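Chains X and B, in that order, are what the protein sequence lines are. Per my numbering, the first sequence starts with residue 80, numbered consecutively. Per my numbering, the second sequence starts with residue 18, numbered consecutively.
By construction, these hints were calculated from the structure, which means they are not laboratory data. Be aware that one or more of the hints could be misleading.
Listed below are the simulated DSBU-like cross-link pairs for lysine-lysine, each with C-alpha atoms no more than 35 Å apart in a straight line [unchecked claim]: (1) B:Lys-69 x X:Lys-259; (2) B:Lys-186 x X:Lys-359; (3) X:Lys-359 x B:Lys-145; (4) X:Lys-360 x B:Lys-277; (5) B:Lys-69 x X:Lys-360.
Fair warning: this is a prediction, and the values are worked out from it, not measured in the lab.
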Amino acid sequence: MSASYPSRTRKIVNYTMLSLTGLCTLLVVSVLFTILAYLLWHGAHALNLNFFIKLPAPVGQGGGGVANAIIGTLKLLALASLIGVPIGLIGGIYLSEFAGGWSGFAVRYTTDLLNGVPSVVMGIFVYTLVVLPMHHFSTLAGGIALGIMMIPIALRSTEDFLRAVPRSLREGGLALGASKSETIFTIVIPAAIYGIITGVMLDIARVAGETAPLLFTAFGNQFNSPGWMQPTSSLPVVIYNYAISPYDEWHQQAWAAGFVLLSGLLAVSILARVVLARGKKLSHG
Amino acid sequence: MKTVMKAIDLDQLSKAHEARFSDIERTDEQLPWPQFTVAGLNFYYGSHQALKDINLIVPNKRVTAFIGPSGCGKTTLLRTLNRMNEEVPGTRVEGSIRLGDRDLFSIPATTLRRVVGMVFQKPSPFPKTIFENVAFGLRLEHRFSRSEIADRVEHSLRRAALWDEVKDKLNQSANGISGGQQQRLCIARALAVDPDVLLLDEPCSALDPVSTAKIEDLLFEIKNTCTIVIVTHNMLQAARVADYVGFFLNGELIELNRAKQIFQNPERQQTQDYITGRFG
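Whenever a hint applies, use it, and build me the whole structure from the sequences.
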């Protein structure tokens, strides 16, 4: 037998593998679009202007919307970002720029563990920590729960983007007589800022769909929640409550709310990609 | 380790060099002619000794080139002269270095690096505009007005022979200009704070011959006002730009001499072998 590899076999293997990878890619992409189409199909009836601007209506009355849930979700996310983003950013800067071998390992490891804590456990934790002492559910408690959940991803993505800044830029700054902190704040962070913003946006999108922690903290509300100390409605919890109800019109509204939530997340993800692409374009001329 | 050599007296070393290179003009009243006086310098990366008992003088307002094969320690020595190696964990330095008549290690690193500027092998413009790249070092001092900064930026870009090429796009990203222009921008950036010394670590190794020629030309211009130490793999470049050449091998300084002497009639056999291409 000659030493050459039989080309027919090689071609068959090549086509088989190519088809398999293509099929898997198609499966992954189609799942997302199937979900979107399914949500739209079932929720389209409920999607109208009222859905966005009205409060929930009693069963049987028809109409009504989830305005309070949309506002509630936005408030929860704002509060969560206020807590999770600064801690994540500063922690990420520490990990990337200052952490030694041992402390870096410790922070990274605990962060990854925190990221792995089931969201329902996070809900119970904040319930014990905030809701019980206050004696009632609140936007504040929900925001704290989501904020803690944001920390690991914000921290690790900030660290990754800072680490990706080439050493030559740091040395360039130091060689001009900049101190370490001046180099970090005037060169390294600006060079990574688009990546960091992207990471934060994707992080917000990730916790926006969390339901379990909100059941124990923000709870839910049929009306608009004034201020930060009252229970509040939110899209994921509305989906959950409506979906397990026995009423068809609520089912429809759950589908529609799902569609709104997913569309919002998609929009944020796309925006994040645009920001990152813009940053790349800027830094490469 | 040769402890005898470590105890060498800096003034003695200085006198020895002065006798040897007696024709060096003392160009500056303020600074005596040795810009750097290095004595008994050992440098370690962990347990690996990268520099072994280096004794040398770098003359003021001249171009001194360090040559030698890869890993011979020439870049390490260069990075010790502005203490950039301190940023690398696990390094250790022994011996003494004087900048002018001051102990190099008694000067705060951030102050030292404004007096001893550095340009790296790979052009590394900051992801900012061309103007902001040059203004960076000036802004750190918080003492220049807006118009002073603009003046100094223009002056530095002129010194680096880049002004005519970029004057219409000062507010564009520095990443948009060519590699050769980026390297001259890095030189302008280093010159903006008006350093006494400019250290160049293989500044042309990533550039084409035309860009290289431009940088060599500008080195001729700035050496009147600035001491230049350049590390290079390119012996022709050393022959073209340098007044003095130090040849390094395996962490040791084999020979330091006038460039002409090194290339025409070196004192040591190893130098002869290296410049004739027998190794390295």
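Hint by hint, here is what the structure shows:
1. Distance hint between Lys-69 of chain B and Lys-259 of chain X is fulfilled; the C-alpha atoms sit about 30 Å from each other, no more than 35 Å.
2. About 20 Å separates the Cα atoms of Lys-186 of chain B and Lys-359 of chain X, which keeps this hinted pair within 35 Å; it holds.
3. Of the pairs offered as hints, the one joining Lys-359 of chain X and Lys-145 of chain B holds, with about 13 Å between alpha carbons and a cut-off of 35 Å not exceeded.
4. Taking the CA atoms of Lys-360 of chain X and Lys-277 of chain B, the gap is about 48 Å. The hint is violated against a cut of 35 Å.
5. Between Lys-69 of chain B and Lys-360 of chain X the CA atoms are separated by roughly 46 Å; this puts the pair beyond 35 Å, and the hint is violated.
The earlier numbered hints that this structure contradicts are 4 and 5.
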